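Starting from the structure of chain R, add chain F where the hints point.
For the record, the sequence lines run as chains R and F. The first sequence begins at 183 in my numbering and counts up by one. The second sequence begins at 42 in my numbering and counts up by one.
Any given hint could turn out to be false.
What the hints assert, rightly or not - Beta-carbon label-pair distances, calculated as ranges: (1) E366/F x D402/R: 45 to 51 Å; (2) Q351/R x Y561/F: 26 to 32 Å; (3) N255/R x I505/F: 47 to 53 Å; (4) K500/R x Q253/F: 51 to 57 Å; (5) I280/F x D391/R: 38 to 44 Å; (6) N255/R x P460/F: 25 to 31 Å; (7) S307/R x D189/F: 18 to 24 Å; (8) P275/F x R447/R: 38 to 44 Å; (9) D103/F x T424/R: 40 to 46 Å; (10) D402/R x V563/F: 41 to 47 Å; (11) K386/F x T424/R: 44 to 50 Å; (12) T424/R x Q253/F: 56 to 62 Å; (13) Q201/F x E315/R: 49 to 55 Å; (14) S307/R x V455/F: 51 to 57 Å.
In short, the hints are calculated from the structure, not lab data. Note that the coordinates shown come from a computational prediction; the quantities given were computed from them, not determined experimentally. The C-beta atom is built at its ideal place from N, Cα and C for all residues, glycine as well.
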Amino acid sequence: MHLKSAIFWAVALLLPAIQCVHTSNWAVLVSTSRFWFNYRHLSNTLSLYRTVKRLGIPDSQILLLLPDDMACNPRNAFPGTVYSNADRHMDLYGENVEVDYRGYEVTVENFIRLLTDRWEEGVPSSKRLMTDEGSNILIYMTGHGGNEFLKFQDSEEISSWDLADAFSQMREKKRYNEMLFMIDTCQANTLYRQFYADGMIATGSSEEDESSYSHHADNDVGVAVIDRWTYYVLQFLENEVTSLQSEKTLGDLFDSYDVEKIHSRPGVRWDLFPGGEEAGRNRRVVDFFGNVQGVEVQDQNSKDSLREDLESLMRLVKDYEDFAAAQEKNKTMMHDAMSQRGIVQKLQVQQQNQQKAVGSMRLKKENLSVRQITGVALLAGLGGLWYLGSKVVI
Amino acid sequence: MKCLVSLPEALWVLLTFVSCLSIVAATDYFERLDLTPLPLGSLLASFEFRSNESLEAYASQDFRYFPRSLGQVLQHAGTKELHLRFTTGRWDTETWGARPWDGTKEGATGVELWAWIESDTEQEAMRKWLTLNQGLSGLFCASMNFIDETRTTKPSLSFQRTGDHRNASLHLLHGVLPGKAGVASLLDGHKVFDASWQSMSVDVRPRCVSGQNCLVEIDQTIDMVLNIARAKRPREDPIPRPVQPYELICDETKPYHSQDTCYPIDALETPAWSLKDVFGRPAAGACPLAEEGGPEAKSLCLNIPHSQGVWIGAGGFEVRSPPGEAEKRCYQMIAGEPFDFDMPKTSVRTHKQIELEEELITAERTMTGHGAAKGGMRTVFTNPSATEPVNLVLFESLPWFLRPFMHTLKAQIVESEFPFEWEIIKDLYYRPAVDRRRGTQIEVVLSIPPASVVMVTYDFDKAILRYTEYPPDANRGFIVAPAVVRILDKADASGNAKAIYLRTTSLLLALPTPDFSMPYNVIILTSTVMALAFGSIFNILIRRFVAFDEVPENKIGKLVKSARLRVATLKEKITGTKADKTE
Chain R
183 MHLKSAIFWA VALLLPAIQC VHTSNWAVLV STSRFWFNYR HLSNTLSLYR TVKRLGIPDS
243 QILLLLPDDM ACNPRNAFPG TVYSNADRHM DLYGENVEVD YRGYEVTVEN FIRLLTDRWE
303 EGVPSSKRLM TDEGSNILIY MTGHGGNEFL KFQDSEEISS WDLADAFSQM REKKRYNEML
363 FMIDTCQANT LYRQFYADGM IATGSSEEDE SSYSHHADND VGVAVIDRWT YYVLQFLENE
423 VTSLQSEKTL GDLFDSYDVE KIHSRPGVRW DLFPGGEEAG RNRRVVDFFG NVQGVEVQDQ
483 NSKDSLREDL ESLMRLVKDY EDFAAAQEKN KTMMHDAMSQ RGIVQKLQVQ QQNQQKAVGS
543 MRLKKENLSV RQITGVALLA GLGGLWYLGS KVVI
Chain F
42 MKCLVSLPEA LWVLLTFVSC LSIVAATDYF ERLDLTPLPL GSLLASFEFR SNESLEAYAS
102 QDFRYFPRSL GQVLQHAGTK ELHLRFTTGR WDTETWGARP WDGTKEGATG VELWAWIESD
162 TEQEAMRKWL TLNQGLSGLF CASMNFIDET RTTKPSLSFQ RTGDHRNASL HLLHGVLPGK
222 AGVASLLDGH KVFDASWQSM SVDVRPRCVS GQNCLVEIDQ TIDMVLNIAR AKRPREDPIP
282 RPVQPYELIC DETKPYHSQD TCYPIDALET PAWSLKDVFG RPAAGACPLA EEGGPEAKSL
342 CLNIPHSQGV WIGAGGFEVR SPPGEAEKRC YQMIAGEPFD FDMPKTSVRT HKQIELEEEL
402 ITAERTMTGH GAAKGGMRTV FTNPSATEPV NLVLFESLPW FLRPFMHTLK AQIVESEFPF
462 EWEIIKDLYY RPAVDRRRGT QIEVVLSIPP ASVVMVTYDF DKAILRYTEY PPDANRGFIV
522 APAVVRILDK ADASGNAKAI YLRTTSLLLA LPTPDFSMPY NVIILTSTVM ALAFGSIFNI
582 LIRRFVAFDE VPENKIGKLV KSARLRVATL KEKITGTKAD KTE
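Just chain F, with the same shape it has in the complex:
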């Protein structure tokens, strides 16, 4: 069974950068690429592909735009809603601002999967969940079969159904496999996997528009933050080499600036770039299924100020966003004509930068303490807003060998400009671990006062594992899944409740690791000692010292002597008779 068949055929078409003009709501397929230059020479590229299928067609396995292999796996596992994320890298909030899609299309480092599974009992839901993981691991060539009961949790507050479900007996199961995700290349793997941060997501959910039939929608996004200078390195020789002196960009305002002294400020300049530079090839024109017009027909968007000049090729029309909205311009491509544009070099000092949305809260999680027996976990929240407190849920799914003590859970305000008393921990949901069967699940509802930094800490013990439970590279440590922070009580422009998520980084836990060469060492040392001891004692017991002439006759020696004597006499007889004869 071929992997990656799950992505619709049109995604392969996108490999050549066909930008499919999209579609009014009645049709089934939508594509878009959003490019947002970020400070310090980075670029956020967000691809989105969405397609629909009517519920009857899906149920009768009449797949058109919905990938058949994924649909069959979901139906076999009784999954009604699926959210699958592959993420690596770290989102740098200070430089890049708020996360794309409000963090809803992002997952824990590695693989994160949560699904709503239809079943009557919990045990059956768990069985179907394992079937789902096995099936998806075969489909995506990712080690998701490692998401078993020990990594599965049932969060109560952190995730909510986003689809419309008629049937009520749905169980939510959530699994994280932190660490290497292992998805083979999408788009051009060489560029995607050279990104500072990338996230790929697959969302499948039912949608029922009132008065119409229900649809099953599959939404796939790929987001990546590329460093433009790095992406421009040639494939054959990507190793950065020292530049020539005349190519150095120096800060000439420094007092020491001269021929041989240079303060490099090339990081503040964004180099000139084009689609071919960054992705390896230009867009190959519009999709043949194109819509001719409409707002969704412009499928390549650049989020840059209107004052920024861009040279575009012949194959596209530009449409700028109207005043009052966020400044961006979108391009509608012509079918069959390759399209590219050239962004000139910009500098943060001379060019206007696009306003980046500020993150509502910043979360950082680290481990404290030293030694192999215990440690502590510390999560630091920073609320930059001067007036608004932030209510959030911190969800942690810890492996069973990290044993937290809930009585040590404390939240304290580290620094604040807020003068009043504030109750930080509002609520706590806790599910203890069972050794080797289930991990710890903690959900803390917190309220962070405005303009403050809050620290949430707890202590934990580390367990020692059995000899065979260590992975082959045990001394590297074990990865602890990132914490999921869900910001509550936020509404979007039209007043509907909005979900905003962010995830902390994953952590490496150094467990007490045995010296794996010890069994071998013990065996050879013990065997040597025993051999020496046995040999010496045996020797001492058996050996007797006597004078030379008292040596008792050796039986074998006697036999040998008599045999020799006989041989000698025989010889003599033969030679003697011969001698007699000759004589």
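Just chain R, with the same shape it has in the complex:
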């Protein structure tokens, strides 16, 4: 027991204090469009994917949602490749890509489950957003949208309220430290109008009643290959943010927006960020796009806080010891819950056994004729009964 408390005492010195710096970087990149003519939405998302990978975020911390397969589409003249530029210099897809949600899996339900981490059992960790309160998240969405909605795969919609509620759930569950929300659709700025969780910076490509436009098309691919706002954001990221040591800030990024070139008015929302616009503008781009981690060292100046920590640890040690003792006597609450669950499970198993699944049955030809004869005889008998019955009743 003394050894245990000594160990906990030693561990207490290493406990971090309140986190001001983020400790991990995650990215959720969503394309919401299906069909070949929406090639540019996929290439928008893939270009962001490559940027984020270039700046160091590993695949295990990137969630890529692509509803359609442009690279292996039979209409793609360049098999296995996705280009975001007509010069076809860089293939965004062919090598080293990990798509976590593909095809029919990109739905509004899955997206909200992903954000709030409410999954059934068995979902693999490559499909989960396993962030904690020190994680900075970059969320990028692109597709077709409108006034406060975004269309998923041409069959369902997500509204700005859904997004706002999901993000506030994340805030309640302490699933992020700071979040940068970027969206490239028509009337994009309306999507973040309803957000109310704090710690977020949101930026969109066009105002209400304004469309976002594509940038250019490739004549051999046959469709537009990139959207304007994303193109100019990428241009900034590729020219100015060349490595993890780049000191460019979000203020620089948003100042680089040129309405003449983008052909729509992009917007930024700062009011949900602690410190407002000044603090937000000073955040570095690589804080969201790159894999920069901070280490928080505990402040050891105040003795009182140390004593409080030690006292809480002593309480914790005592709780553990009580729990261990109770476990030996099988009297813990958890044990009660587990045994109750065991009873419920047994009931369920019993019910299932009663509805036992039938295996495949063997059909024989002879049975058919016998059954037909039996059927005909039965019908004849019943018909006869009916006829006689009508005779009997006068």
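Relative to chain R, chain F alone:
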């Protein structure tokens, strides 16, 4: 968690075409690439990678050549034997002959998975099966989590355990996800996914050699049929453009052949090719774990006649197969030296072609009928052999919304040179569907007489689905999984029972699809009608026509008038007093 970690590190090494010299049975790793030129300018490339692990090491999670992530998923799901296939494309039997590996390394179009799961009850086996699918879908980045109960079957005849199992309580579960498989690139994805047919397989099974410890073997194969002319197109500009007139290869025996009239026969010529042309890069030499000699050390094999000349580079030794065996030549590479060879252009008219094995039976499955309510399924089997009948099992796993009527199942001989009566359907195993929970499972044991064409048909009804059950691209149709045909009673050279499989193509089922814009249309039309009706009726009820002077006084009008009057009098007072003052 990174996908594709499941493939052993040596597979990434193969990306640079290191051909690992392989190994006597005691060591754990074996690799081979088999290249077989096919008629009409195609090339069959078969990669195989095999590695072993002792059962004790596997059980204690001491993975060496066995991929850890896959091993952990299998152990967590209690799976003792696993067969996973990713296939796309169509195998052209008429041109290419028999399938590679007798069809055992091939799956349904899309993803096919069958596994033997250890458990005490069926329900637990189903739970473990779902866990296995979830885990594998995360590992391979494929939508295998869609293989749930509605797509799972328990075939009784079609699949057999190929490993040695001590424990008897094993349940076989089989799931097919027809359609897009979604595996990210292996090898060079640009070439693999441009192939006419490709199949990737992962087999995990326990093997016990008598007198020795048991091993867990993992066998991965990648087969693809590439069109050489297409593979030679440059990456930057793969769009075929019209060739210059002097580059056209014309059939000069035609009567109309002239300067401006040409019958092109370039399809009959196989262009010259090399490894760099077809795969994008040459083989980068032998694997450092190389064996120095032995028959398995030659890991790159070309199945071409001995009379065919090939120019090889400096980095390899050629060994030809002895007379009496199938003609092929294998190369042993030198470590560290890139190896390539140049195959010259061949023409089917002038060069001897390798003999292709003929398929024992050809199966084609199509849907018949028209309309949105019913249809029919027709499978046509052709037995080319003049003397041997073929016994086979046709296994179909149909979605629940395709409702077959088993009383309409008929088999008839369409054409035959066989003069006697023949009983075609020997046996039938059937498991009916439960709406939205389980699909139909049919296994028919058939016997096809020699030199005949047999047609097996049945009718089905199509179901209409609920509004939310349609996928986003509902008008495309729903994919029906291919049928699996297993040829029975075949033995290999040493007399052991051999499994031969072939699969039909998948089918697109056009279900009655609603017009998804109708809810919106109904709402706006109804709202418009109601607004118009309500507005008109309200107007008619409330409106009264009177003469102008009979218009009753309006209260508000009165108030306004009195207010105006007061303002006017006030003004007058002010101006009046002013006027008075000034005056």
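Hints the structure fails to honour: Those not satisfied are hints 3, 6.
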